[in-house]
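Sequences listed follow chains A and B, in order.
Numbering (full-length UniProt numbering) for the first sequence: 1 to 403.
Numbering (full-length UniProt numbering) for the second sequence: 1 to 150.
No wet-lab data here; the hints were simulated from the structure.
All residues carry an ideal CB built from backbone N, CA and C; glycine is no exception.
Do not take every clue at face value.
[As the list claims (entries may be wrong)] Once the Cα atoms are required to be at most 27 Å apart in a straight line, the calculated DSS-like pairs of lysine-lysine come out as:
(1) A/LYS126 with B/LYS149
(2) A/LYS189 with B/LYS149
(3) B/LYS149 with A/LYS151
(4) A/LYS141 with A/LYS366
(5) A/LYS155 with B/LYS149
(6) A/LYS151 with B/LYS65
(7) A/LYS155 with B/LYS65
(8) A/LYS41 with B/LYS135
[Claimed, not checked] Just the calculated beta-carbon pair ranges, DEER-fashion:
(9) A/GLU144 with B/LEU25: 52 to 58 Å
(10) B/VAL142 with A/SER125: 22 to 28 Å
(11) A/CYS239 with B/MET72: 21 to 27 Å
(12) A/GLU58 with B/VAL142: 14 to 20 Å
(13) A/TYR36 with B/MET72: 33 to 39 Å
(14) B/VAL142 with A/GLU212: 51 to 57 Å
(15) A/SER39 with B/SER89: 16 to 22 Å
(16) B/PHE69 with A/LEU24: 17 to 23 Å
(17) A/TYR36 with B/ASP117: 37 to 43 Å
(18) B/LEU44 with A/SER125: 49 to 55 Å
(19) B/TYR150 with A/GLU212: 36 to 42 Å
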Amino acid sequence: MSSTERLHPLLEVFTVWDVPTFHLVIEGVLIALLVYVFSLKRYRPKQRNVKLTKQEEEELLREWKPEPLVEPVKEHLPDEGPVVEGVAGVTLTIGGEEKINMGTYNFLGLVGDKRAEKGLEASRSKVVFFKHNDMKDLKAKLEEQAVIDRKDRNKAMATRRFIVVEGIYANTGQICPLDELVKLKYQYKVRLVVEESMSFGVLGASGKGVTEHFNVKMEDVDMVCVSLGMSLGSIGGFCCGRSFVVDHQRLSGQGYCFSASLPPLLANAAISNLNVLDSGEGKDLLRSLRANIAHVQKRVQQIEEFEWSGAPGSAVVHVHISPAAAKRNSISTHNQEDHVLEDMCNKALAEGVAFVRANYIVTEEKFPRRPSIRLAVSAKHTQEHLDQALDVLARIAKTTLSN
Amino acid sequence: MALKYNAMNPNETWVNHPGFIAMYLVLFTACHLVLLSLPITTELVWTLTNVCHSLITFVSFHWLKGAPFETMDEGESLSLTQWEQIGSSPDMTQTKRFLIGFPVLVFLLATAYTHHDNLHFFVNLSFLALIMIPKLPEMHGVRLFNINKY
Numbered sequence: 001m002s003s004t005e006r007l008h009p010l011l012e013v014f015t016v017w018d019v020p021t022f023h024l025v026i027e028g029v030l031i032a033l034l035v036y037v038f039s040l041k042r043y044r045p046k047q048r049n050v051k052l053t054k055q056e057e058e059e060l061l062r063e064w065k066p067e068p069l070v071e072p073v074k075e076h077l078p079d080e081g082p083v084v085e086g087v088a089g090v091t092l093t094i095g096g097e098e099k100i101n102m103g104t105y106n107f108l109g110l111v112g113d114k115r116a117e118k119g120l121e122a123s124r125s126k127v128v129f130f131k132h133n134d135m136k137d138l139k140a141k142l143e144e145q146a147v148i149d150r151k152d153r154n155k156a157m158a159t160r161r162f163i164v165v166e167g168i169y170a171n172t173g174q175i176c177p178l179d180e181l182v183k184l185k186y187q188y189k190v191r192l193v194v195e196e197s198m199s200f201g202v203l204g205a206s207g208k209g210v211t212e213h214f215n216v217k218m219e220d221v222d223m224v225c226v227s228l229g230m231s232l233g234s235i236g237g238f239c240c241g242r243s244f245v246v247d248h249q250r251l252s253g254q255g256y257c258f259s260a261s262l263p264p265l266l267a268n269a270a271i272s273n274l275n276v277l278d279s280g281e282g283k284d285l286l287r288s289l290r291a292n293i294a295h296v297q298k299r300v301q302q303i304e305e306f307e308w309s310g311a312p313g314s315a316v317v318h319v320h321i322s323p324a325a326a327k328r329n330s331i332s333t334h335n336q337e338d339h340v341l342e343d344m345c346n347k348a349l350a351e352g353v354a355f356v357r358a359n360y361i362v363t364e365e366k367f368p369r370r371p372s373i374r375l376a377v378s379a380k381h382t383q384e385h386l387d388q389a390l391d392v393l394a395r396i397a398k399t400t401l402s403n
Numbered sequence: 001m002a003l004k005y006n007a008m009n010p011n012e013t014w015v016n017h018p019g020f021i022a023m024y025l026v027l028f029t030a031c032h033l034v035l036l037s038l039p040i041t042t043e044l045v046w047t048l049t050n051v052c053h054s055l056i057t058f059v060s061f062h063w064l065k066g067a068p069f070e071t072m073d074e075g076e077s078l079s080l081t082q083w084e085q086i087g088s089s090p091d092m093t094q095t096k097r098f099l100i101g102f103p104v105l106v107f108l109l110a111t112a113y114t115h116h117d118n119l120h121f122f123v124n125l126s127f128l129a130l131i132m133i134p135k136l137p138e139m140h141g142v143r144l145f146n147i148n149k150y
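Here chain B stands alone, though its shape is the one from the complex (with noise of 0.2 Å):
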């Protein structure tokens, strides 16, 4: 078991970190927060919460690739994203857990707070697509259309 902890690329290793989500919901709450001190309905808001919380995760989860420093495997880690870093074992960590999870749990309180309106619906069910789409274990590595594939 102790082999298992992978240290070739640290990348899989730091948001397996008890911090990780600490920091994450600290920073999903304060955007919150920001959306709602603006003057806009609370259906916006949760609307908003959710894309600018899609946004943000698919930017810094499947659309960034490599690591911002250097990994021991000789740059194999290079043409991925974090998720397809993260992801590449099929154990279930925490983490992982949590990083389906929460998305899914933003997007059912959003849909209650917009009571159920239909526009409010498939905006927060798109941008939902988004980042729950590269999370499936069958797009690894996988690059529609050639996008992002450079």
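With the rest of the complex left out, here is chain A (with noise of 0.2 Å):
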């Protein structure tokens, strides 16, 4: 470096003799760089105030249009059907009428689905089916993804897994195999969530739902899920698990604590039913809700023209046509089914029972299930409700399906 004797000693980083040209060249491009970010205009975040003038403010001020707080009515809609009043309890009153009630979900009788599915559908996750309670396509299903886990370990270590159950399917009135589903869930890692609306209250010595009925522990299963609108009698529902899981929900599920929160009269009301279902008088309803359960599917069995789906201990029980019943009266496609159930229970109706056709949206169902006819048993139920409810279902079953 011989030029840079005659330069100040603090200049002498910049000079630029003996230098190669791709430094320079490079250098070149970077201050270039420079330049055009430098040359580009700067934008502000923070510009809050706009100032607008008074001709500016008086033109938005005339734009502006309220909009209606009610949508006008066009039409009348015709008000056909049966119209439920006052209270659901065991009896229900409607159009003016005492009638039996077998369609609401009011298993202790403390009352004066789809759900677990759309909830899958919002969580945005891959979604994959087993067939229904079918534990060794659920396996199958496991051990096709921890092939799939094994080639990509990164992915795997990112990915969180859930099997979703429900204690007792809405559906089908079955039970899941929560023993076997424990099993599987420690063999595969993956996380176990058990919707157990239909089944707390119902199922177990003390009604503690589906954990309680297969003697597994609560801390091996990781969330349940419990509506209070069934059992308990109010509205609303609960998650819960181990003291993490609580945790993470606080912290993840803030938005819904705060902005749909129950209101403390539904709490109070879900919390003195579940005040019942622990003392002698729960003890009591438990009691006489499996003898009415077991009365309602023994009496069932019997109706020749239909099929049921139901498992022992469970309230909720659904009554198909059976196969040969519909082969005789040329019962064949969805529609005509529905149609044909709606028919029976609009005459079961008249003669003072109220029965629930299974409703489902057809077009929303992954898999649409049959039509049916669904007895939701209650303990309030007394033996001469049963006996006259499925005698008119017998009775009826009889005529629509005479031939």
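Dock chain to chain to rebuild the complex, using the hints, since each chain is given by itself in its own frame.
Spelled out as structure tokens, the structure:
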């Protein structure tokens, strides 16, 4: 560096003599980049106050048209169909007359679905369906996933997997084999979510649901979701799990906690119903519920035009038209079957019993179920209620499906 | 204009605070002074300064993903790096200008102080590339060879 001797020591670093050309080219490009970046118009993110002139203000005010709070009614809806009045207890008031209620989920008699699937859709997860209550199919699907995971470990480490089942399936009345599910859960390291709306307050010696029914430890199930609208006769629901599951929910579910929380009155109603379930009265209710369920299931089996779906101890019983009866009466399509069942419900209503046809939005259903009449058994139904209801059902089945 | 202020993800806004550039410069100067106090040549000090600066900014702006606090965007920023979160809008803020310009300045100083030595130049250039390439708009959300994808 002979040329540096003539310069001031602080300036010597800026000499460009004896510099390889490609250094200069690269530095030239970088300086050009700097010039370009600094020539772009600067954007200031905090310009908050936009000053409008008087004229602009008035123009905005003139353009603004308030929207009506309620859309004007264009046509009158036809007021057909039975109208339920008052409280849906063991009996219902429909059109001013009292009927036996076989439709409301009111298992413990403490009142005066699609939910799980919609939740899965809303979670934006990749959902794999296994055959209904088929543990072999579930195991095969888990094995399939395990093979994929072994190929891409990084992805597998970042993916969370859940098995989602219902304790008692609302659409079939069957009970999930929880003991086998827990085994699969530990084998394939998957978390287990059980939707217990239909089983809480029904299954188990003290009504604690499907975990108690199978003598599975509560800790082995990662999350239990229960609607308070079924056995507990209130509104809302709860999710429970281990403390870290609860903590996670508290953290990520804040918006739901604060915007859609349960009104204190309804929460208190649910709590006092829980206390009833815990007391001696609850034991009596469960005993009578179990007797009622057994009675209904025994009677339903005797109606030969029907076949039923459900499980011992499940308060939801689905009644389908048996294939033989359908063939005799030339009922083949889903819609025909639906209409026949609807017709039967209407006839039963005239005779004083309210049955409910299981309603599905067929277009939204991934796996459409066979049309059925859904019986919901309650602990407060008396033997006479049930006998009357099932007598009516049997008689109507006989007359409607007489061919 | 008022609506452009994005409060959904505070990660996009705290870097626009004037204190950010001041903090950055203080940390840089502190790092450089520490290296200057070591018994090594000035050339090595400048190259090391550039390398440290590149590595630290690479980790904090182009490697770590997500936000340390809860965002209101339902986890959309969880898979984005800090630069991708602030660089998602095409507007040239003062902070972005600084984050692009300052590494170039450090590089030019380092090459000048190493008297355009070829080895030092290559090391400095490659560490500059490490933090300049992820800043290109074309690299938004791109994970080369699936590195750091999950």
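Evaluated hints:
no.: 1; hint: A/LYS126 with B/LYS149; in the structure: holds, 19 Å
no.: 2; hint: A/LYS189 with B/LYS149; in the structure: holds, 23 Å
no.: 3; hint: B/LYS149 with A/LYS151; in the structure: holds, 15 Å
no.: 4; hint: A/LYS141 with A/LYS366; in the structure: holds, 18 Å
no.: 5; hint: A/LYS155 with B/LYS149; in the structure: holds, 8 Å
no.: 6; hint: A/LYS151 with B/LYS65; in the structure: holds, 24 Å
no.: 7; hint: A/LYS155 with B/LYS65; in the structure: holds, 16 Å
no.: 8; hint: A/LYS41 with B/LYS135; in the structure: holds, 18 Å
no.: 9; hint: A/GLU144 with B/LEU25: 52 to 58 Å; in the structure: holds, 55 Å
no.: 10; hint: B/VAL142 with A/SER125: 22 to 28 Å; in the structure: holds, 25 Å
no.: 11; hint: A/CYS239 with B/MET72: 21 to 27 Å; in the structure: holds, 22 Å
no.: 12; hint: A/GLU58 with B/VAL142: 14 to 20 Å; in the structure: violated, 50 Å
no.: 13; hint: A/TYR36 with B/MET72: 33 to 39 Å; in the structure: holds, 34 Å
no.: 14; hint: B/VAL142 with A/GLU212: 51 to 57 Å; in the structure: holds, 52 Å
no.: 15; hint: A/SER39 with B/SER89: 16 to 22 Å; in the structure: holds, 19 Å
no.: 16; hint: B/PHE69 with A/LEU24: 17 to 23 Å; in the structure: violated, 46 Å
no.: 17; hint: A/TYR36 with B/ASP117: 37 to 43 Å; in the structure: violated, 28 Å
no.: 18; hint: B/LEU44 with A/SER125: 49 to 55 Å; in the structure: holds, 52 Å
no.: 19; hint: B/TYR150 with A/GLU212: 36 to 42 Å; in the structure: holds, 39 Å
Violated hints for the displayed structure, listed by number in ascending order: 12, 16, 17.
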